[in-house]
Amino acid sequence: MGSLFKIFGGGGQVYTPPPIPAPPVMPVPDDTAVKAAKRKSLAEQLRRRGRASTILTDEPTDTLGA
Numbered sequence: 002m003g004s005l006f007k008i009f010g011g012g013g014q015v016y017t018p019p020p021i022p023a024p025p026v027m028p029v030p031d032d033t034a035v036k037a038a039k040r041k042s043l044a045e046q047l048r049r050r051g052r053a054s055t056i057l058t059d060e061p062t063d064t065l066g067a
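Count along the sequence shown from 1, then add 1; that gives the number in our numbering.
Be careful, since some hints might not be right.
Cross-link-like lysine to any residue pairs, in silico, SDA-like; alpha carbons within 25 angstroms at most [what the hints assert, rightly or not]: (1) Lys36 - Arg48; (2) Lys41 - Gly51; (3) Lys41 - Thr55; (4) Lys36 - Pro25; (5) Lys39 - Val26; (6) Lys41 - Asp31; (7) Lys39 - Arg49; (8) Lys36 - Thr55; (9) Lys41 - Pro30; (10) Lys36 - Arg49; (11) Lys39 - Pro25; (12) Lys41 - Val26; (13) Lys39 - Arg50; (14) Lys41 - Val29; (15) Lys36 - Pro20.
Each pair of labels, with its calculated beta carbon distance range [stated by the list, open to error]: (16) Val15 - Ala44: 50 to 60 angstroms; (17) Met27 - Arg48: 27 to 37 angstroms; (18) Val26 - Arg49: 25 to 35 angstroms; (19) Leu43 - Thr17: 44 to 54 angstroms; (20) Thr55 - Val35: 26 to 36 angstroms; (21) Tyr16 - Lys41: 48 to 58 angstroms; (22) Pro30 - Arg52: 27 to 37 angstroms; (23) Val15 - Arg40: 52 to 62 angstroms; (24) Tyr16 - Arg48: 55 to 65 angstroms.
Hints were generated in silico from the structure; no laboratory data involved.
Note that this is a predicted model, so its numbers are computed, not measured.
The C-beta atom is built at its ideal place from N, Cα and C for all residues, glycine as well.
Let the hints inform the model, and build the full structure from the sequences given.
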């Protein structure tokens, strides 16, 4: 019975695997960037709520029906 390497002509060639890239860093809940994004999101939500967010014009004398 023959060798597997002789069948494929394994003439001393050495296989080198491709380099493996470093895994990406996963964000953690205590990360400062995550906390800053959460703070910004909450501030935007607070700005969008209430009566002040429903005013459509900058001039209080301008009425919509006139």
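Do the hints match the structure? See the list:
1. Lys36 - Arg48: 19 angstroms, holds
2. Lys41 - Gly51: 18 angstroms, holds
3. Lys41 - Thr55: 21 angstroms, holds
4. Lys36 - Pro25: It holds: about 20 angstroms lies between the C-alpha atoms, which stays within 25 angstroms.
5. Lys39 - Val26: Holds. Lys39 to Val26 sits at ~19 angstroms (cutoff 25 angstroms).
6. Lys41 - Asp31: The hint holds at about 16 angstroms.
7. Lys39 - Arg49: 16 angstroms, holds
8. Lys36 - Thr55: Measuring from Cα to Cα gives roughly 29 angstroms; hence the hint is violated.
9. Lys41 - Pro30: Measuring from Cα to Cα gives roughly 15 angstroms; hence the hint holds.
10. Lys36 - Arg49: With a Cα-Cα distance of about 20 angstroms, the restraint between Lys36 and Arg49 holds, given a limit of 25 angstroms.
11. Lys39 - Pro25: 22 angstroms, holds
12. Lys41 - Val26: 22 angstroms, holds
13. Lys39 - Arg50: 17 angstroms, holds
14. Lys41 - Val29: 17 angstroms, holds
15. Lys36 - Pro20: 35 angstroms, violated
16. Val15 - Ala44: 50 to 60 angstroms: 59 angstroms, holds
17. Met27 - Arg48: 27 to 37 angstroms: At 30 angstroms between Cβs, range holds.
18. Val26 - Arg49: 25 to 35 angstroms: 32 angstroms, holds
19. Leu43 - Thr17: 44 to 54 angstroms: 51 angstroms, holds
20. Thr55 - Val35: 26 to 36 angstroms: Roughly 32 angstroms apart at Cβ, these two residues keep to the hinted range, so it holds.
21. Tyr16 - Lys41: 48 to 58 angstroms: Because 50 angstroms falls inside the window, the suggested range holds.
22. Pro30 - Arg52: 27 to 37 angstroms: 34 angstroms, holds
23. Val15 - Arg40: 52 to 62 angstroms: Hint holds: Cβ distance 54 angstroms, inside 52 to 62 angstroms.
24. Tyr16 - Arg48: 55 to 65 angstroms: 59 angstroms, holds
Of the numbered hints given earlier, the model fails hints 8 and 15; all others are met.
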